[in-house]
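Participant: Sequence:
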Amino acid sequence: MNKQSIILSSDNVNITLVCMSDVEVIRFNAEYRKETVSLFYEYLDWFIKGFNDYTGSDFYEITGMKQSDYEDTIIPFLDLIPPKGSILLVKTDQGIAGMGVIHKLSNDTGEIKRMYIRPQFRRRGYARILLSELLRLGRGLGCTRFLLDSPRWSMSHGLYSSFGFDQVVEYPESEISAMFPTLTENWIFMEKIE
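Letter 11 of the sequence shown, counting from 1, is numbered 101 in the working numbering, and no numbers are missing.
The hints are simulated quantities; they were obtained by calculation from the structure and are not laboratory data.
Hints may be right or wrong, so weigh each one.
What the hints assert, rightly or not - Computed beta-carbon distance windows for the label pairs:
hint, residue 1, residue 2, range
1, Y150, T274, 16 to 26 Å
2, P209, A268, 24 to 34 Å
3, S222, K174, 17 to 27 Å
4, E121, P209, 20 to 30 Å
5, Y144, P172, 30 to 40 Å
6, S267, L170, 12 to 22 Å
7, N142, P172, 15 to 25 Å
8, L170, P262, 13 to 23 Å
9, R212, N142, 16 to 26 Å
10, S251, A120, 14 to 24 Å
11, T153, D183, 34 to 44 Å
12, E275, E121, 34 to 44 Å
13, K124, P262, 28 to 38 Å
Keep in mind that this is a model prediction, so the values were computed, not measured.
Idealized CB from N, CA, C, for every residue including glycine.
Make a model of the complete structure from these sequences and hints.
Facilitator: Structure representation (structure tokens):
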């Protein structure tokens, strides 16, 4: 990999969106399905542990969900293709470092979902690169408004703010609002308008 950033046309599913000295941001494809599903479950484990530690409650007990129920939420993301959205993966020489999803909610609105960097790859700027590419891809899909929800215990709020996201009231399209309406006080909802 070279040291300069390369931005290429994103029409092809297998295209590299960014290539830098030690990281590429690529669009999900079938070659990475197993690794991507594994990332979704790692995200779930991080999320459940964070929720339980933050609230002092057991997420599965409160919601009545089981880990096996999570698979139903993964499949729609794996099927996302432009112009509806896409999963982006952060690929390094040491393997897949993380992922994020841009999901188009309407003609001009996209939602950032499941942004996750594996612990051993954190504090290297990969989340910043990933978020930048998710926003760029969203703009290419026609989005001028971006939404996200993030657990209160996440350390990513400063990153989102640095990209121009502002905290807003809960938005109705959030899956948190739909799936867990009594738990929304444990989330921060953010919006960026360009």
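Participant: Would you pick out the hints that fail for this structure and give their numbers low to high?
Facilitator: Hints 7 and 10 are the ones this structure does not satisfy, whereas the remaining hints hold.
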